[in-house]
Every structure is written in structure tokens, then in C-alpha cells.
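Produce the entire structure from the sequences given, and follow the hints as far as they go.
2 protein chains.
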Amino acid sequence: MIKIDDENLKDKYIKKYNLDNIFSNDMKEYMELILFEKNEFICRENEKIEYIFFFVKGKAKVYIVLQNGKSLLLSFYYPFMVLGDLEIVSLSRASTNVQVLEDSYCIALPFYKVRNILLEDPRYLRFTCNSLSKKLKKSTINGSINLLYPLENRLASYILATSQRTNVGVLKFSGNLMEISELLGTSYRHLLRTLSNLTSKGAIRKRSNYYEVIEIEILKDLASELYK
Amino acid sequence: MIKIDDENLKDKYIKKYNLDNIFSNDMKEYMELILFEKNEFICRENEKIEYIFFFVKGKAKVYIVLQNGKSLLLSFYYPFMVLGDLEIVSLSRASTNVQVLEDSYCIALPFYKVRNILLEDPRYLRFTCNSLSKKLKKSTINGSINLLYPLENRLASYILATSQRTNVGVLKFSGNLMEISELLGTSYRHLLRTLSNLTSKGAIRKRSNYYEVIEIEILKDLASELYK
Numbered sequence: 001m002i003k004i005d006d007e008n009l010k011d012k013y014i015k016k017y018n019l020d021n022i023f024s025n026d027m028k029e030y031m032e033l034i035l036f037e038k039n040e041f042i043c044r045e046n047e048k049i050e051y052i053f054f055f056v057k058g059k060a061k062v063y064i065v066l067q068n069g070k071s072l073l074l075s076f077y078y079p080f081m082v083l084g085d086l087e088i089v090s091l092s093r094a095s096t097n098v099q100v101l102e103d104s105y106c107i108a109l110p111f112y113k114v115r116n117i118l119l120e121d122p123r124y125l126r127f128t129c130n131s132l133s134k135k136l137k138k139s140t141i142n143g144s145i146n147l148l149y150p151l152e153n154r155l156a157s158y159i160l161a162t163s164q165r166t167n168v169g170v171l172k173f174s175g176n177l178m179e180i181s182e183l184l185g186t187s188y189r190h191l192l193r194t195l196s197n198l199t200s201k202g203a204i205r206k207r208s209n210y211y212e213v214i215e216i217e218i219l220k221d222l223a224s225e226l227y228k
Numbered sequence: 001m002i003k004i005d006d007e008n009l010k011d012k013y014i015k016k017y018n019l020d021n022i023f024s025n026d027m028k029e030y031m032e033l034i035l036f037e038k039n040e041f042i043c044r045e046n047e048k049i050e051y052i053f054f055f056v057k058g059k060a061k062v063y064i065v066l067q068n069g070k071s072l073l074l075s076f077y078y079p080f081m082v083l084g085d086l087e088i089v090s091l092s093r094a095s096t097n098v099q100v101l102e103d104s105y106c107i108a109l110p111f112y113k114v115r116n117i118l119l120e121d122p123r124y125l126r127f128t129c130n131s132l133s134k135k136l137k138k139s140t141i142n143g144s145i146n147l148l149y150p151l152e153n154r155l156a157s158y159i160l161a162t163s164q165r166t167n168v169g170v171l172k173f174s175g176n177l178m179e180i181s182e183l184l185g186t187s188y189r190h191l192l193r194t195l196s197n198l199t200s201k202g203a204i205r206k207r208s209n210y211y212e213v214i215e216i217e218i219l220k221d222l223a224s225e226l227y228k
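First to last, the sequence lines map onto chains U and F.
All residue numbers in the first sequence are consecutive under the UniProt record's numbering, ending with 228.
All residue numbers in the second sequence are consecutive under the UniProt record's numbering, ending with 228.
Hints may be right or wrong, so weigh each one.
[To be verified] Here chain U is said to cover these stretches of chain F; the calculated rule only asks that three of the stretch's residues, wherever they fall, bring their Cβ under 8 Å from a Cβ of chain U:
1) 92 to 103
2) 111 to 122
3) 126 to 133
Simulated from the structure, these hints should not be mistaken for laboratory data.
A quick note: this is a predicted structure, and the numbers were derived from the prediction, not measured.
Every residue gets a Cβ at the ideal spot worked out from N, C-alpha and C, and that includes glycine.
Have a look at this one:
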């Protein structure tokens, strides 16, 4: 996490997402622009959270580690999203792992500077109730995905969310397959079989140490409404 | 849903759960004591919600209907619990079905009378943020239960939550088994096999049209921390 001293870029994001409208008071003086580099964690389960983060650019995956030691994918985060809203009210520790999948920017408010102001601000509190409501609805829907959709659909959604465009325009899907099978709540063998199905369908092609997406529309059709 | 005119009983529940402490203003004049009779719905998916309900006595199951038409159990509600907190802020329709498993009481606040007061009340809004945070954490954990725990554990938890003590002291588990298999995210056949396992273990005994719980401790051990 790197603090970026770029007032113009900070103002751009504040305007783009109307961050001023969230608060009754002017909070600009407390706002910091933060860069998380690819694969960095914004928060980890059970760690103390020091900031409210407004996720304004990039992509992140949200997962928990189950009692049996396996990871489980809960959601993908895209702008605009708030992190730490749950924790600031109850002063609890982070309940999920949020890892960025590409370089990502957040506008951050340090808890210890703003907590007393925000807990008395009905406008901010209404915003937070709304944001928590949305997360709760999303959580209910995503929680049913593992039961409702075959792995092929979940995998298509995962590939779309995590693939990276290279300099030469190739859409590249890589990552630790063992880890991905856990995130998607399946076995390694079933994941391999399903990757091979997607290859037969012409959606992806196996390369040396990654998969190339060759027909993105096939993946989009399969992914439809998942993990929104 | 029946409005009960019993000021003493109403006051008893208000005191028991310190409902006064939730609000900055005195809201007693708006509070109504409501009885939901066994199997009645407090809310149904996509219906408009007219009240915030404080669930003060009884037991309810919370479920959604998936896109494939099957039901999925999300949680059990016991006192103390708030319903409608999500909906009052965003004015959205109910996102789950909440059906009471026994006669249950709620203290209700009519939306249209209290909404303007509550949305300006930081104390109530903080309470709601907290309550939504807890629901969100619970939802995350419960969402992983279907992946993490075998059906036997989930079924034990379900039997404990839904069984009824008869007049002669028998703990009786009944219900539509097809419906129960859907709620638990499994097949009818797998449910029957698992009921038969619990019978072999001496936890339950098959009767004419119900199961009798004969060793509740076996079920408690299996259920442990599920669907909290």
C-alpha cells in the first residue's frame, strides 16, 4: 500500500464517485489516495483495519478461509465499493481477505481521525446502511452460486474476472490451479476436466504456463450473472 | 399476523431487549405487539414490507427461492433479531422468506409513521449498521455451510431447530421431506439415507408420520456451530 501524492488524481476520483455527497461535513482533508499493487492485500481476515477504503479503480477478489483450511471465493469487487464500513461501526477485525487482481486505487479515510465524526453523521450512516444492505443481498445470492451453478459457469466467471490483457493484446488466464479449485469450492481434478471442456468448446487454449482466452463470448454466455 | 392489545406483555418485551435504547426519541407510542401463528410468514420475497419487526419470542426459518425453483435455507432466527432493517433504508422489497416455526411475537414499528424520524436518528442508524454487519457476517458463514459440512450435520441442526415438544413430552420432527431436502440443498434420496443413518445411531426413531428424537445429545454434537 503506497500513499500517492497526486491531488489532481485524488480529486478526479472524489468527483467521479461523488464522495463529497456521502458526508454531511467536508472530509476532503482526511482523504488519502492509496495504490495497492497487483496481488497485494487490502485486508486479511482477523487483522485490524485502520481505514475506510473507497475502492475507485481496479479489481479485487474477496474470499474467506474455511474451518477445514480451504479458501472460498465470496465475490469480486469492482469500483465503486466500500471496504471497512462493517468494521468501523462495530470496531471488529476484518472478516474477509481482499486481494487486488491488478493495480488498484482507493480513497482512504483513517479510522482514528474520522470515526467520531462519522458515527454522528446521519448522512454517512444512511450511506453505510445502504452499502451493507447491498453487500448482504449480494452475499445471499453469491452464497447460493456454488449450489446452483455447475463449475463450468463459475469457472467462466472466474476466468473473465481474473484474466489480464498482455502488451501484445493476448488475454491471459493464469494462476495456481490448486488455489483456484479451492476458491471455487471444487476438486483439482474436476477443475482440470472443466478447463479441458472449455478448451474443447474453443473458449480457451492451453499455452506453456497459462491459458489464452480465444473466444470471450463463450465465457460471457456461461458466466452470465454470476458473482455480481 | 394478529395485533395483540396487551400493554403489559408489550412492555415486558420492550424492557427485556432494551428497545428504548435503540432510539434517541421515545418510540413507544408507535410500537405494536404482533403475534405470528405457527407456519405464518413474517415476510415473503419481493413483497413490500410495512414494518420494522423486532423478533422477541419464537423461532423462524429464513430461506430464498433459487432461480431453478428450489428453496435454500439461509438461517434460523431466534430472539433477539431485527427484520426490515435492510428494507427501511433502501425502501426495497423483502429479499428473503421468513416463516415462523412456532407461535412468535414481534414488536413492530410501522414504516410510514417512523421512517422520517429514524433516518435522522444517528443512534438508530448505528444500531442498524451493527445489525446489518452481524447479518452479513452470519450470511458469509452460513453460505459456506453447504460446502463445508456433510448433510448429516446440517440435518441434525435442522431437526434441533424445527422439532416440537408434544403434550406428552415427545420431541417430534415432522415436515415435508421433499421440501426439507431442497432447503438443505440436497436430494430427496440422500436425505432419506441420512435420516436412516441418524436412526441407526440411535438419535431418532421412525414413527407413523414423523420422527421422534430419542437422543438429543447425538444431534447436538453433530449440529455444533451450524446455522447460527
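Hints versus structure:
Three residues within the 8 Å Cβ limit are the bar, and the region 92 to 103 of chain F against chain U gives 3, so the coverage statement holds. Counting residues of the region 111 to 122 of chain F whose beta carbon lies closer than 8 Å to any beta carbon of chain U gives 4, which reaches the threshold of three, so the coverage claim holds. Under a criterion of three residues with beta carbons nearer than 8 Å to beta carbons of chain U, the stated coverage of the region 126 to 133 of chain F is upheld, 6 such residues being counted.
Comparing the model with each numbered hint stated earlier shows that all of them hold.
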